Amino acid sequence: MKIKQFLCKALLLSILTWGTIEVVFYFDPYKKYDLETSYNAVIIDKYKRLQETPSPKIVLIAGSNFAYGINSKLIADSLQKPVINMAIHYDYGVKFMLNQISSELRKGDTVIMGFEYIIESEGNKSEQLLMARYFPKAKEWISFEDFFEEIRENGQMRINTFKTILERLYKNKEINYQISDTTSVFFRGATNEYGDLISHYNNPPMKFIPRAILSDKVSLKDAIDDMNVFYETMKSKDIKVYFVYPTYSQKNYALDKKIIDKYQKEYDKYAKFPILGTPSDFVFADSLYHDMAYHLTKKGGEIRTQKIIQLLGKTSL
Amino acid sequence: MLFNSLEFLLFFPIVTIIYFVLGHKNRWWWLLAASCVFYMVFKPEYLFILGFTIVIDYFAGIWIENASGKQRKLFLIISLVANIGVLAFFKYTNFAIFALAQTNIAHFKLLDFILPIGLSFHTFQAMSYTIEVYRGNQKAEKHFGLYALYVMFYPQLVAGPIERPQNVLYQFYEKKSFDYLRVTSGLKLMAWGLFKKVVIADRLALFADKVYNSPMDYEGIPIIVATVFFTFQIYCDFSGYSDIALGTAEVMGFKLMKNFDRPYFSKSISEFWRRWHISLSTWFRDYLYIPLGGNRVGKTRQYFNQFFVFAVSGLWHGANWNFIIWGALHGFYLVFARITQKPRNVFNKITGLEKLPFLLKILQAFTTFCLVAFAWIFFRGNYLEQSQLLHLVSHLFSNFPTIKEFLNFNYISQNIFLNFTLVEFLIAIGLIIFMEIIHYIQRNKSIRQLVSTYPVVVRWSLYYLFVMAFFLLGVFDKPAQFIYFQF
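Protein sequences, first through last, are from chains A and B.
Numbering-wise, this note's numbering puts 209 at position 209 of the first sequence, and it's gapless, one number per residue.
Numbering-wise, this note's numbering puts 1146 at position 146 of the second sequence, and it's gapless, one number per residue.
In isolation and in its complexed conformation, chain B is listed as follows:
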């Protein structure tokens, strides 16, 4: 079920009201049943795949806790193999078959099935459970229903945040009451998430799709404009989803981890990854980077590990070379940044930038933004043919206009507005600025809390205007999936 669907508009209040009406003892099964329904809307039979890993991990957790020595490791390996096996089979088999055929090593028939929705998310969440039990950070969950709910909790089932058991499981044991302030706060977060998706992301998608759907027709500025729009589109799309997930959980009294923290204000790529898809980057840090040696190994090994982890992170997103390039590119950025740290410091000293911290921050944020945006070309181009993608990358800075051409309205209309009207273009830009202003204000104070301190008339006027702006500016013609659902 999509968060931006009419079905969810009906599902959410029914589930939530009954959740509060039911006693604490009965809430777990109600939420579990609701989560099953939520998932089954996509493809009912895939519930069995989810069920398979849930059963394996549930027992693996108990066995790991009860075992000792090498046996503990064996049970952990069984659990990891089962999870990675399911993920590999559904997500990477066709990719492997295709790669083998392309390199003429072997030819097999491609398998005909649709990838279970959100597979990478709930598999990683399930894996974090057995790993944490193995590490002794989490007690094995004896209640099968609660464990299943940990994996299947519908707000974060299909696109995260990828939770850790110690953050969530205990919350299912807590008695949650109807707290008016908490419920309205959760609803506001949901509304903001929905606004980011339906109004901002889907509107920016109109611009980005124009170029990315027929890339060979464009060169230079239109590609840059579309890529910048996509950079904000994917942020609004994914962080919008996360906001709805966090808000939905908050309404029912659960606190999920923050997944985004104004990533486009980052001043370096490493900072970007501390602010973007936090639940995934910390997952890779805790369960792959650190076990590979983390910062305890030599520099060269560290660089390799960092690069490797990001390439794997790209592969996590999708069985496609584009995603691997995207991840590897980020890995390269990080390694390059570490290698060039000293010369860059010297450069800042010589040029005097060091004494202008504000300007330096702006330059760093701008550079980071450009690097991130460039990498998104590969991410967005995952459906494109190789030649089309190459065209986008190789023609990014070609066919630039003369000043005279640039000042021509027709040129601007075709190449910057991408044949949309000036008003439509300004609305898109205005929405990006509006969102970033909101984020900037939110640095120190939650806008939700701020709004609740306003007099009732002001508050209700704001609510009214917000909903009307949602209807007026939202893109409803083509109800779009969340980009991250495909992972």
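The following block holds chain A by itself, in its conformation from the complex:
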């Protein structure tokens, strides 16, 4: 009897405490605002365009180096095919990003992957779940290691949301994001009709591009394996897949050349998909970068895009 009584009390305390977090999570007073403004919610618009664009189309997928540094219109005009830039943030990981586009690809489509040097296979589950909060379909793209990881990540997201809500209630401050302003970059309306990030065009670039973080201890093998699986699957559906190296600022490249060479060797060794160009093809002067080694300015994006078009021109595309 005492065990039962104890278990009931323990259950009640758990319901009361975790219940508070669940209630706040589901009745989040900022959810509507975030849905309209959050950068993670940009997937809603990008995915809609992906679904609505008829094949044959060109789909760009990577992290923010593609989001910032691509002029999709140039590609579309040059290759006479509609382009959708699906790139948002590298932290989603390769697996998630490729899952994101794979079900909407059809015969005749072309995919250009341009993942960053710091890309991971699995990615950051918190970021993935945050996207799924605004766009429930994204849940299908997340692959959890096991049941515990799924519970842990979902629980953590609820706790983080709970903390954020309390903080925002306390600060009571909202930001009015605008493409035309000179400060905001990451928000839902920050892209053009193709999905290219254009919110930074008006913003002053940094005087010095900070040091990027690359490690020679990291291997890209898992991420390349994911790309191989994707390539094989797409190949069987008559969908073309190419890889281009990400852009990287000149000064950072000089400092990280050894590590990048190591990564290039891994691509050469493991990749089954065609690779267009070399890392040095996408290294530009620091003045063409906005705020970090991967983020090009408008002008830098155009130069880089021309380079991609030139490399694509050498293929049968």
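Keep in mind that the hints were calculated from the coordinates and are not lab data.
Among the hints, erroneous ones may be present.
[Claimed, not checked] Within a straight-line C-alpha distance of at most 20 Å, the following computed DMTMM-like cross-link-like pairs (lysine to aspartate or glutamate) qualify:
1. K1043/B to E145/A
2. K4/A to D1179/B
3. K207/A to D286/A
All figures in this text were calculated on a predicted structure; none of them were measured in a lab.
Position chain B relative to chain A; hints supplied.
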């Protein structure tokens, strides 16, 4: 399995409920099976290593009891060699190979394996069994399952407390019933331990890691701030683990030994070691210091023994010079304190401090804290390169600001808050103060008992607030291992 993992959140209630549902006769195998599962989560094959020493020590215990004269010693030596051999092979082989190569004596290939988790803990616990049987303080355990459970009892398997057989073995024979007060008391201790780990230790780690992960970027005050935070981090981390271990055992009706007793209130290094990792310091006292002669030998020998025991204690923590320096530093502190005892007493008399006992206690506690904190630099720096560690030690008091600089918010933000926000810094400091207040109150009365005397509404409000504070202030982004798991 980590105590701060979701897996344990599922494991613990299942194991405990079934434990209480089962009859007394069946409980030992259930706990043993649960302990195996608990250990196998880390690396299943290492269960065989544990099994090997368990079998050796089980039979050694029986043989020691049945033998007489020199044979008894022989069996004890066999057991000790087996235990120390396993420990030495897994923990110190690569260290020895590396040291030989560094000194150009010999060059061997480093062995490629991961150290079995908690090896030093369960090896020491196993050794205390055969030693106690040899000394006649403990009867050899005839029940193999119960002996295995003594070594493998999951609450203290991977990070202690390092128990003595006479404290634990008999408890496995006792019939334990579901005692509501005891169970809730154990759960409260577990909750407090988890709070110390997830909320305090992991939060302080954010500050300490900032400096210790890139030591060359810092000089002076930031190093001091990070070291002070690490001093509390390691305490909360390890004592948090011990609290969870003690609480888990208490829920099931077992009483494990207290491992910490407000160590940062110590007024001397010797007092610190009576309050810090008590199960290890008493182990070294009973099984190394006293056999070496203890206080029965001459002063010089005593000093050497004390220094030696602490250097070995450092080596116990890890096969790394940093740990040896850390242990030796504590040994030096102790010897120095004993040598300077008289002049210090004279100094206290001359300055009048002797007549101000409260002030004297504060000064002594502060000095002890500073010495302990300084030694932690070597402990925390075990992954650092020699040059980085030297930088930390040599730049501890350099680049100090002028008063004008110090009063600048930017300076404070970068060097004291370590680029965290004022609120984050205050939360960290507030948590340390909160914990020490709790400890201070606990001197005379158990807070757990105190809480159970409150009216139900107050009690439940406290529980609710505690859990919500856990969720709000806990660091869940990077689930961290317990620092002492690596030993």
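Verification of the hints:
| no. | hint | in the structure |
| --- | --- | --- |
| 1 | K1043/B to E145/A | holds, 17 Å |
| 2 | K4/A to D1179/B | holds, 12 Å |
| 3 | K207/A to D286/A | holds, 9 Å |
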